[in-house]
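Using the sequences and the accompanying hints, generate a full structural model.
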Amino acid sequence: MRLKLCLIVLLLLACAGVQAYDFQAIADRHIMPAYQQLAAETAALESAAVSFCAAPSANDLQELQQRYRSAFLAWQGTQHLRFGPVQYLMREHRFAFWPDNRGAVGRHLSQLIEDPALLQADFDISQKSVAVQGFSAMERLLFGNTVPDATRCRVIAAIAVNLHQMADGLYRDWFSSETAFVRTFANPAPDNPLYASSQALAGQLLNSLHTELELILTQKLAQPLGSSPAKANGKRAEGWRSSSALPAIEVNLQACQDLYRLAFASVLADGAPAAQIEAAFEQALTTLSQIVLPLSRAVSDTGQRELIIKLQQQLAQLKQLIARDLAETLGLSLGFNSLDGD
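Heads up, the sequence shown stops at 342 in the working numbering, and the numbers go up one at a time, no gaps.
Hints were generated in silico from the structure; no laboratory data involved.
Cβ coordinates follow ideal geometry from the N, Cα and C atoms, glycine included.
One or more hints might be untrue.
[To be verified] Just the calculated beta-carbon pair ranges, DEER-fashion:
{"no.": "1", "residue 1": "Ser266", "residue 2": "Asp100", "range": "32 to 40 Å"}
{"no.": "2", "residue 1": "Ser176", "residue 2": "Ala25", "range": "16 to 24 Å"}
{"no.": "3", "residue 1": "Ser126", "residue 2": "Thr151", "range": "15 to 23 Å"}
See the structure below:
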């Protein structure tokens, strides 16, 4: 009898044009693994930072730098998830303060290094400026011209601890606390305080895809590229010191593609726009793989610059497919773009 009722409900939903989204599967297969990886990589980063700072050396610095890159890319794999617990306690900006158009990271980091409180046993970097709490500040300290001294090591270790604590907190708030956000996420309903319907939550996920593509286009690529070769500035690329800019964009796109497949491809009928969107993702990833120089140098190289412009064009097309074709097909609205407040 229950099986018949379920079939009837599904049939009625199909007739009404309502999509049968599986939000629990999205949480289990996309969001949970991403935050688990972030927690694991930041734990490894913390361990490496503490070990390095006990006896700093050039060889150990290279290992710590690689741990940094791995943790930074794990963060990039969650960056498109601009909702839920990442918004608690300003975590989004504390993990990475970028773009930093006013030089806040360098300014506050210089002040912190001179701060006597840094030498206190109870020093807590989470109480300092958000600009010095995460990956953006750590990159400056790890990828300079010399091995970090004892003072800078204290900052590096403090940031690593903070990153791990935030990552653990994110996972806990999503999945294991008494008020785990996944319960709200997986069960849209009229009495749900955030998502009154499946369409409302699907719109949130659509907005996540669109916003991440917008971020890549307007900030991660356009800022260092400039309007002409003469105006290119590789130091405006995210993660330029660690040569992480292009790997970060690759992770961003792969995460967006994975979310698209889980959230939307499964409810789209075969054909357009499903085939067009899938092809657009693959084209962009292929072009990205052809950019072999670090982004900070590629923007000033004639051949590589042409590939970056081609990538921009492909991403603009993909963004339009998401905003127009996908949204219209599923009857969704993009809503507020969180980048508008950055």
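Hints versus structure:
1. Ser266 - Asp100: 32 to 40 Å: Because 38 Å falls inside the window, the suggested range holds.
2. Ser176 - Ala25: 16 to 24 Å: holds (19 Å)
3. Ser126 - Thr151: 15 to 23 Å: This hint holds: roughly 19 Å between Cβ atoms.
Against the hints set out earlier in the document, no violation occurs for any number.
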